[in-house]
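K.L.:
Each chain, letter by letter, is given below.
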Amino acid sequence: MIKTMLKNKIDRYKRQVIVKEVGVRGQQKLKESKALIIGAGGLGSNTANILTRTGLGGVIIVDYDKVDITNLHRTSIFTENDIGKPKSTILAENLHLINNQVEIHSEQVRVTKTSINKLIVKYNPDIIIDGSDNMATRYIINTASVEYNKPWVYGGVHGTTGMILGVIPGRTACLGCFSSVLHSRSKTVTPVIGYLPVITAAVQSSEAIRILLGYKPSGLIIYDTWSQNLDKIKIKQNPACIYCSKKRKQRV
Amino acid sequence: MRVMVRLTGRYKNLIGLESTIVDTINGDTVWHVIDALVEKYQVLGKDKNRMIILRNGVHVNREEKIKNNDELTILPPVVSGG
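So the sequences go chain by chain: Y and X.
Under our numbering, the residues of the first sequence are numbered 2 to 253, in order.
Under our numbering, the residues of the second sequence are numbered 2 to 83, in order.
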């Protein structure tokens, strides 16, 4: 029994360990890493699914909301039976079934400047993943990332286009380095084709894994999944950035 | 002065080009380049005030003057859905 369990533990990542960018050392590094996932909708549920299967040491899901019928076309894991139940709890329960070697936590809280600080102090994550659906939350993540020196990966979707940016505070451009305009919450519903968050979350996960394994983020990725047009844009740190420039100067 | 403008995301699709050249004169600002670009490609007009502009990879305010050998990159606004 113990022998079988041990074999399963090793076999689980057999195909991933032979990827030269990962290797045994990389897999171990992932096992020692924790991701704080803000939001459990289209982006958050899919990144949580990927990162749990990838074999991180811990995944913390934060979402205040409950599963809604309108979530099902673009999320992962949730079923019609989950409608009305808390997203974070349902996701955590299912992720545990997917990979019981990963420590899964769920937090049904609204993300604010205060609550994100508490979450970071409580879990000390190695990376923060953006699974939110509004810019206000993203700037809260950006601020906390700089404050606590935690890398994060922005992801956003609209129509058929996904955008992704991996940020290492103080070393690479943050979201505020090029976009600090807080658009007021639009009353119109954001159009999203069902497969888009899956692709965007996969690219976010790949950026997260790169960062956790010590590689540099790739820059701003804009992927139009309809025309299959992908842009990778190198954005430099903005010396006038209201989010990260002060911190950078302090470090220097 | 000739300024290279690199287009990204949906702007590239709308115009069908990866980059274009805009002629400027000494003292012109980023605004002048954007105005000239929108005049040339009117399909970009709707996003004129929302597009993000980088100069040589760094975010730039539109009031700043263009310098010789500057390269601008035009990005669509960051998307917020999740």
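Simulated from the structure, these hints should not be mistaken for lab results.
Don't take every hint at face value.
Claimed, not checked - SDA-like mimics (lysine to any residue), calculated; alpha carbons at most 25 Å apart, straight line: (1) X:Lys13 to Y:Asp225; (2) Y:Lys114 to Y:Tyr140; (3) Y:Lys233 to X:Asn62; (4) X:Lys47 to Y:Asp225; (5) X:Lys49 to X:Glu65; (6) X:Lys41 to X:Ser81; (7) Y:Lys114 to Y:Ala137; (8) Y:Lys233 to X:Ile54; (9) Y:Lys114 to X:Ser81; (10) Y:Lys247 to X:Asn57; (11) Y:Lys151 to Y:Val23; (12) Y:Lys35 to Y:Thr71; (13) Y:Lys123 to Y:Val110; (14) Y:Lys119 to Y:Asn135; (15) X:Lys66 to Y:Ile99; (16) Y:Lys30 to Y:Ile99; (17) Y:Lys235 to X:Asn69; (18) Y:Lys248 to X:Asn57; (19) Y:Lys35 to Y:Gly160; (20) Y:Lys32 to X:Asn62; (21) X:Lys49 to Y:Thr191; (22) Y:Lys248 to X:Asn69; (23) Y:Lys217 to Y:Lys233; (24) Y:Lys235 to Y:Val190; (25) Y:Lys237 to X:Asn57; (26) Y:Lys30 to Y:Pro240; (27) X:Lys13 to Y:Lys35.
K.L.:
Give a verdict on every hint.
P.N.:
Each hint, compared with the structure:
{"no.": "1", "hint": "X:Lys13 to Y:Asp225", "in the structure": "11 Å, holds"}
{"no.": "2", "hint": "Y:Lys114 to Y:Tyr140", "in the structure": "9 Å, holds"}
{"no.": "3", "hint": "Y:Lys233 to X:Asn62", "in the structure": "22 Å, holds"}
{"no.": "4", "hint": "X:Lys47 to Y:Asp225", "in the structure": "19 Å, holds"}
{"no.": "5", "hint": "X:Lys49 to X:Glu65", "in the structure": "16 Å, holds"}
{"no.": "6", "hint": "X:Lys41 to X:Ser81", "in the structure": "29 Å, violated"}
{"no.": "7", "hint": "Y:Lys114 to Y:Ala137", "in the structure": "10 Å, holds"}
{"no.": "8", "hint": "Y:Lys233 to X:Ile54", "in the structure": "15 Å, holds"}
{"no.": "9", "hint": "Y:Lys114 to X:Ser81", "in the structure": "19 Å, holds"}
{"no.": "10", "hint": "Y:Lys247 to X:Asn57", "in the structure": "22 Å, holds"}
{"no.": "11", "hint": "Y:Lys151 to Y:Val23", "in the structure": "21 Å, holds"}
{"no.": "12", "hint": "Y:Lys35 to Y:Thr71", "in the structure": "29 Å, violated"}
{"no.": "13", "hint": "Y:Lys123 to Y:Val110", "in the structure": "14 Å, holds"}
{"no.": "14", "hint": "Y:Lys119 to Y:Asn135", "in the structure": "21 Å, holds"}
{"no.": "15", "hint": "X:Lys66 to Y:Ile99", "in the structure": "56 Å, violated"}
{"no.": "16", "hint": "Y:Lys30 to Y:Ile99", "in the structure": "20 Å, holds"}
{"no.": "17", "hint": "Y:Lys235 to X:Asn69", "in the structure": "21 Å, holds"}
{"no.": "18", "hint": "Y:Lys248 to X:Asn57", "in the structure": "23 Å, holds"}
{"no.": "19", "hint": "Y:Lys35 to Y:Gly160", "in the structure": "31 Å, violated"}
{"no.": "20", "hint": "Y:Lys32 to X:Asn62", "in the structure": "43 Å, violated"}
{"no.": "21", "hint": "X:Lys49 to Y:Thr191", "in the structure": "21 Å, holds"}
{"no.": "22", "hint": "Y:Lys248 to X:Asn69", "in the structure": "32 Å, violated"}
{"no.": "23", "hint": "Y:Lys217 to Y:Lys233", "in the structure": "13 Å, holds"}
{"no.": "24", "hint": "Y:Lys235 to Y:Val190", "in the structure": "31 Å, violated"}
{"no.": "25", "hint": "Y:Lys237 to X:Asn57", "in the structure": "8 Å, holds"}
{"no.": "26", "hint": "Y:Lys30 to Y:Pro240", "in the structure": "33 Å, violated"}
{"no.": "27", "hint": "X:Lys13 to Y:Lys35", "in the structure": "38 Å, violated"}
Of the numbered hints given earlier, the model fails hints 6, 12, 15, 19, 20, 22, 24, 26, 27; all others are met.
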